[in-house]
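Visitor: Residue-level listing of the chains:
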Amino acid sequence: DTAVSQTPKYLVTQMGNDKSIKCEQNLGHDTMYWYKQDSKKFLKIMFSYNNKELIINETVPNRFSPKSPDKAHLNLHINSLELGDSAVYFCASTPATNEKLFFGSGTQLSVL
Amino acid sequence: GQNIDQPTEMTATEGAIVQINCTYQTSGFNGLFWYQQHAGEAPTFLSYNVLDGLEEKGRFSSFLSRSKGYSYLLLKELQMKDSASYLCAVRPTYNFNKFYFGSGTKLNVKP
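Listed in order, the protein sequences are those of chains A and B.
First residue of the first sequence: 1, per the numbering used here; consecutive thereafter.
First residue of the second sequence: 113, per the numbering used here; consecutive thereafter.
The set of hints was computed from the structure by calculation and includes no laboratory data.
Incorrect hints may have been included.
To be verified - Away from chain A, derived, C-beta distances all over 12 Å, residues of chain B:
1) A124
2) I129
3) Q137
4) S179
5) M192
6) S197
7) L199
8) N207
Unchecked claim - Below, in silico cross-link-like pairs of lysine-lysine (DSSO-like), each with a Cα-Cα straight-line distance of 30 Å or less:
9) A/K40 x B/K169
10) A/K52 x A/K9
11) B/K218 x A/K52
12) A/K36 x B/K180
13) A/K41 x B/K169
14) A/K100 x A/K52
15) A/K52 x A/K71
16) B/K193 x A/K9
17) A/K52 x A/K22
18) A/K40 x A/K100
19) A/K71 x A/K41
20) A/K22 x A/K41
21) A/K9 x B/K180
22) A/K9 x B/K188
23) A/K19 x A/K44
24) A/K52 x B/K210
25) A/K71 x A/K9
26) B/K210 x A/K71
27) A/K52 x B/K169
28) A/K41 x B/K180
29) B/K210 x A/K40
30) A/K40 x B/K188
31) A/K100 x B/K218
32) B/K218 x A/K40
33) A/K40 x A/K19
34) B/K210 x A/K9
35) B/K218 x B/K169
36) A/K41 x B/K193
Every residue, glycine too, gets a C-beta built ideally from N, C-alpha and C.
With the rest of the complex left out, here is chain B (with noise of 0.2 Å):
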């Protein structure tokens, strides 16, 4: 089975950093991805991770362990339009189409 554990809310402050865990338990693992979304919006994809190490795009890098089950969301200079839900997702290796969920964690960005 899968178990996906985020914190379910932060709070920062803009031009700051803040750092989004997450860890997971998976029978097999191939692949975490992040996904960021908006209050009443769909899940838009931000990044992926299959091999240990940092993915960086902009504001926004990715780490993963793959020995710890562990990956953080690094978001960098934080502005007012990144307050939304992050969600930490998983793929098994048994199944390349299974993408499971963790519960995301709220960022609320304060001026």
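Isolated chain A (complex conformation) (with noise of 0.2 Å):
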């Protein structure tokens, strides 16, 4: 199936520790983006690459840095995690045209 596909689908940790999500999109895209939705459902833009080059930094702590090593994958890795990193965090990507977003199933993050 072409798709975009983030893991995993639920992660449970404790405050402190450090955590990763995954991403990979096989639709031939070259952006990728990182968003959080929080308890609200408000949709925030994070992260986002362009071939590799991050082309977008939305003023996010610097405990979150993304790594893209090709342009299909597009990974997350949370420092030192809070309580207030709770949230639903979606991966998404675009094609060259950026009309639409496609948006994989999600990782929902539960701090405790």
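Two independent chains are provided; combine them into the complex using the hints.
Guide: Below you can see the structure in the form of structure tokens.
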């Protein structure tokens, strides 16, 4: 199936831990994103990469570090997790025309 | 900056028509998008407007007025499966890769 896939689906962890979320797309898109959706369903852009190069960094704490080893992959590493990091994190990609975002199924992160 | 407003929640009856409004203020405009998000799932693309007017796609239509900073999503012949959140998003001219989302409108369709 052609899609944006991210793992894990659920992530439950303690404050202070470090965790990673992985994302892969096989749609041939050049641009990938991380979005955070909070409990009020507000979807906020965090980062974007175009062909492995960081193009958007929306004032996210530097505990969050994205990494794009190639244009089909965009991972998110979070250090020293805090309670406020609890949210659903969505990976997404867009084709060159940028007419729409294709989202992964989301990772629900719960920090206890 | 971006400011996007939508009603928080709406309720409508199966078979009816519902209009979900979105107003926006943006420093430069390069497209307005509507996404549907069912509970616990990813948002999926519904429509895209960059010029004024109505875009129709089956039971769903989206309207844009750039001078008024206003859009609406019109859903006809409502079905129970249309119960979902509807997210309005704006893309600014200064960055073609940015999509700013409103907080979404939760639509409840009742029998």
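Visitor: Hint by hint, say whether it matches the structure.
Guide: To see whether the hints hold, each was checked on the structure:
{"no.": "1", "hint": "A124", "result": "holds, 19 Å"}
{"no.": "2", "hint": "I129", "result": "holds, 24 Å"}
{"no.": "3", "hint": "Q137", "result": "holds, 16 Å"}
{"no.": "4", "hint": "S179", "result": "holds, 23 Å"}
{"no.": "5", "hint": "M192", "result": "holds, 20 Å"}
{"no.": "6", "hint": "S197", "result": "violated, 6 Å"}
{"no.": "7", "hint": "L199", "result": "violated, 6 Å"}
{"no.": "8", "hint": "N207", "result": "violated, 7 Å"}
{"no.": "9", "hint": "A/K40 x B/K169", "result": "holds, 29 Å"}
{"no.": "10", "hint": "A/K52 x A/K9", "result": "holds, 24 Å"}
{"no.": "11", "hint": "B/K218 x A/K52", "result": "violated, 35 Å"}
{"no.": "12", "hint": "A/K36 x B/K180", "result": "holds, 29 Å"}
{"no.": "13", "hint": "A/K41 x B/K169", "result": "holds, 26 Å"}
{"no.": "14", "hint": "A/K100 x A/K52", "result": "holds, 20 Å"}
{"no.": "15", "hint": "A/K52 x A/K71", "result": "holds, 5 Å"}
{"no.": "16", "hint": "B/K193 x A/K9", "result": "holds, 23 Å"}
{"no.": "17", "hint": "A/K52 x A/K22", "result": "holds, 15 Å"}
{"no.": "18", "hint": "A/K40 x A/K100", "result": "holds, 23 Å"}
{"no.": "19", "hint": "A/K71 x A/K41", "result": "holds, 28 Å"}
{"no.": "20", "hint": "A/K22 x A/K41", "result": "holds, 22 Å"}
{"no.": "21", "hint": "A/K9 x B/K180", "result": "violated, 40 Å"}
{"no.": "22", "hint": "A/K9 x B/K188", "result": "violated, 34 Å"}
{"no.": "23", "hint": "A/K19 x A/K44", "result": "holds, 20 Å"}
{"no.": "24", "hint": "A/K52 x B/K210", "result": "holds, 17 Å"}
{"no.": "25", "hint": "A/K71 x A/K9", "result": "holds, 22 Å"}
{"no.": "26", "hint": "B/K210 x A/K71", "result": "holds, 18 Å"}
{"no.": "27", "hint": "A/K52 x B/K169", "result": "violated, 35 Å"}
{"no.": "28", "hint": "A/K41 x B/K180", "result": "holds, 26 Å"}
{"no.": "29", "hint": "B/K210 x A/K40", "result": "holds, 21 Å"}
{"no.": "30", "hint": "A/K40 x B/K188", "result": "holds, 27 Å"}
{"no.": "31", "hint": "A/K100 x B/K218", "result": "holds, 21 Å"}
{"no.": "32", "hint": "B/K218 x A/K40", "result": "holds, 11 Å"}
{"no.": "33", "hint": "A/K40 x A/K19", "result": "holds, 23 Å"}
{"no.": "34", "hint": "B/K210 x A/K9", "result": "holds, 25 Å"}
{"no.": "35", "hint": "B/K218 x B/K169", "result": "holds, 21 Å"}
{"no.": "36", "hint": "A/K41 x B/K193", "result": "holds, 19 Å"}
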